[in-house]
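Residue numbers (this note's numbering), protein chains in the order written: chain X, 1 to 162; chain R, 1001 to 1202.
It should be emphasised that the hints constitute simulated quantities derived from the structure, not laboratory data.
Here the structure is a predicted model, which is why all the values come from computation and not from measurement.
Glycine included, C-beta positions come from ideal geometry on N, C-alpha and C.
Some hints here could point you the wrong way.
Unchecked claim - Some chain X residues near chain R, calculated using beta-carbon distances under 8 Å:
{"hint": "1", "residue": "Thr44"}
{"hint": "2", "residue": "Leu50"}
{"hint": "3", "residue": "Ala51"}
{"hint": "4", "residue": "Arg59"}
{"hint": "5", "residue": "Val93"}
{"hint": "6", "residue": "Leu95"}
{"hint": "7", "residue": "Val98"}
What the hints assert, rightly or not - These stretches of chain R come out as covered by chain X in the derived footprint (C-beta under 8 Å, 3 or more residues):
{"hint": "8", "segment": "1061-1069"}
{"hint": "9", "segment": "1073-1085"}
{"hint": "10", "segment": "1162-1171"}
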Amino acid sequence: MSEHLSAATFERFDELDRTARASAVEHASRCVACRDRLVATDPTRAFALLAAIPIPPERLDRLDADLGREIDRLSQRRVGISGRAVAFIAASVALAAVVAGLVGERDRAAPAPRADRGSEAADAGPAYGRVELLSLSGDAQVLDLHVGGTQVVMIFDKDLDL
Amino acid sequence: MPQPPDDAELVRAAAAGDRRAFDELVRRKRERVVRTACQITGHLDDALDVAQGVFLKVWQRLDRYDSSHAFDTWLYRITVNAAIDSLRTRGARGGVALVPSPEVDEIAGAAPTPEGEIDRQALQRAFAHLAAGLAPRQRAVFVLREIEGLDPEEIAVVLGIAPSTVRNHLLQARRILREGIERHYPGLVPGPSRRAPGEGRE
């Protein structure tokens, strides 16, 4: 058994830095006299000695193993997601291009609007197709498609699971 | 012989995706994280679940860690928040164990206490019992101060509260625990015969 803790250690226990405190607690956990003296100043200090109780090593090893598996699983999932994200973006850009092409073709084939159609035609909105990218957040895209008086909103998001 | 990397170097390497650096960081910090979570939740299994969640969060968020603050402070903050959540969830499921349980004994270890060493099981049982009477924040403050040895200013940063609030929680926690010891565990405090002035001291 090493020497007992000094009187100053007990008097200034609350002011000790973490290393000095840990050292005092470790000693007191093995020394009845110092433990009694520590606890005599404040019985709740007995619980400081809980710091000296080691966690069962086999439980810590199991934590390492479980954590390692979980990180591997997350890493694989992340690789999978990034591959899918590239495919998703390519597909959505291609689709947008096809839709824009079809709308343009339809506009060229459609007759010009007559001047005497009156206010009804004017209220029906633009007589041509228009594709607008409303928002791009992360991997999600929202396309606003106007064809004649019809509006189609298309949402592309790899995380949407239908 | 090369010096082992310090925590800051490991954190930087792990943030860059170095898995071995992260594993070493876990190895250095795991016992502290499990012990803190264990004393807050009162259950070793819950503490291990908390610890796994804490380290997963650290792995996923290391790139967002602000190195102007101590890594341990950040780690304690994640740990305490997760442990308090776990404590509240268990409370909603039916409460913290108020009586000694085999799990409490497992925390302290099943081996008999060698002569002169502290009776781990008795101490752990007493704390598990009495700390159940503390509010989660009081419990966290007491664990960080008395068991982990953090100073009130550091605890204030960990919990995001004022140092004066930390001191107030600590006073309340000590008062409740002291009353509990006197009422239920008088044996934790030395008796008059073992408290004789100067006896076997220094």
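Hint-by-hint comparison with the structure:
no., hint, in the structure
1, Thr44, "5 Å, holds"
2, Leu50, "5 Å, holds"
3, Ala51, "5 Å, holds"
4, Arg59, "6 Å, holds"
5, Val93, "29 Å, violated"
6, Leu95, "32 Å, violated"
7, Val98, "38 Å, violated"
8, 1061-1069, "violated (count 0)"
9, 1073-1085, "violated (count 0)"
10, 1162-1171, "violated (count 0)"
In summary, the numbered hints that this structure violates are 5, 6, 7, 8, 9, 10.
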